[in-house]
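Colleague: Sequence:
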Amino acid sequence: MTVGNETDNLKMRLSAMEIRMASVESQLNILVGSAVSKSKKRSTVEKEKIKAELLKKAPYDRKKLDNLKTTDMRMLASALGIKSFGTKREDLIKAILSKQKK
Numbered sequence: 028m029t030v031g032n033e034t035d036n037l038k039m040r041l042s043a044m045e046i047r048m049a050s051v052e053s054q055l056n057i058l059v060g061s062a063v064s065k066s067k068k069r070s071t072v073e074k075e076k077i078k079a080e081l082l083k084k085a086p087y088d089r090k091k092l093d094n095l096k097t098t099d100m101r102m103l104a105s106a107l108g109i110k111s112f113g114t115k116r117e118d119l120i121k122a123i124l125s126k127q128k129k
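So our numbering is basically just the index in the sequence shown, starting at one, shifted up by 27.
These aren't lab readings, by the way, just hints derived from the structure by calculation. Just so it is clear, CB atoms sit at the ideal spot from N, CA and C, and this is done for glycine as well. Don't take every hint at face value.
List time: in silico DSBU-like cross-link candidates among lysine-lysine, alpha-carbon distance up to 35 Å [as the list claims (entries may be wrong)]:
1) 74 <-> 126
2) 83 <-> 121
3) 110 <-> 74
4) 84 <-> 126
5) 126 <-> 115
6) 83 <-> 38
7) 115 <-> 91
8) 126 <-> 110
9) 78 <-> 91
10) 76 <-> 90
11) 96 <-> 84
12) 38 <-> 96
13) 84 <-> 121
Computed beta-carbon distance windows for the label pairs [to be verified]:
14) 76 <-> 112: 16 to 24 Å
15) 114 <-> 55: 21 to 29 Å
16) 32 <-> 59: 35 to 43 Å
17) 114 <-> 75: 44 to 52 Å
18) 75 <-> 55: 28 to 36 Å
19) 82 <-> 57: 52 to 60 Å
20) 52 <-> 99: 51 to 59 Å
Go ahead and model the full structure; you've got the sequences and the hints to work with.
Modeller: Shown next, in the form of structure tokens:
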């Protein structure tokens, strides 16, 4: 084998290895990304615990509702049977207050 052929052969092998490494890196990024997104999501058990804690603190007045985070307020609404999807925060507060009066 000549030096030129050997160099070309090594270049081809290196190129193939780089392609494999890029593929492995891509797969690793997908796995790590999905693991991170799953770890940030609350489990159903955690959500139910939070809802129970929010209901224990009832009744809520305007000041307490203003101090709640939006996600907690939406969980409270869900626990009270109020649809919160697409509802503005102010409308959600009114709905929770009116639901508690009943």
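Colleague: Give a verdict on every hint.
Modeller: Hint by hint, here is what the structure shows:
no., hint, verdict
1, 74 <-> 126, "holds, 21 Å"
2, 83 <-> 121, "holds, 20 Å"
3, 110 <-> 74, "holds, 16 Å"
4, 84 <-> 126, "holds, 15 Å"
5, 126 <-> 115, "holds, 16 Å"
6, 83 <-> 38, "violated, 68 Å"
7, 115 <-> 91, "holds, 17 Å"
8, 126 <-> 110, "holds, 12 Å"
9, 78 <-> 91, "holds, 15 Å"
10, 76 <-> 90, "holds, 23 Å"
11, 96 <-> 84, "holds, 14 Å"
12, 38 <-> 96, "violated, 58 Å"
13, 84 <-> 121, "holds, 18 Å"
14, 76 <-> 112: 16 to 24 Å, "holds, 22 Å"
15, 114 <-> 55: 21 to 29 Å, "violated, 40 Å"
16, 32 <-> 59: 35 to 43 Å, "holds, 41 Å"
17, 114 <-> 75: 44 to 52 Å, "violated, 21 Å"
18, 75 <-> 55: 28 to 36 Å, "holds, 34 Å"
19, 82 <-> 57: 52 to 60 Å, "violated, 39 Å"
20, 52 <-> 99: 51 to 59 Å, "violated, 39 Å"
Violated hints, in rising order: 6, 12, 15, 17, 19 and 20; the structure is consistent with all others.
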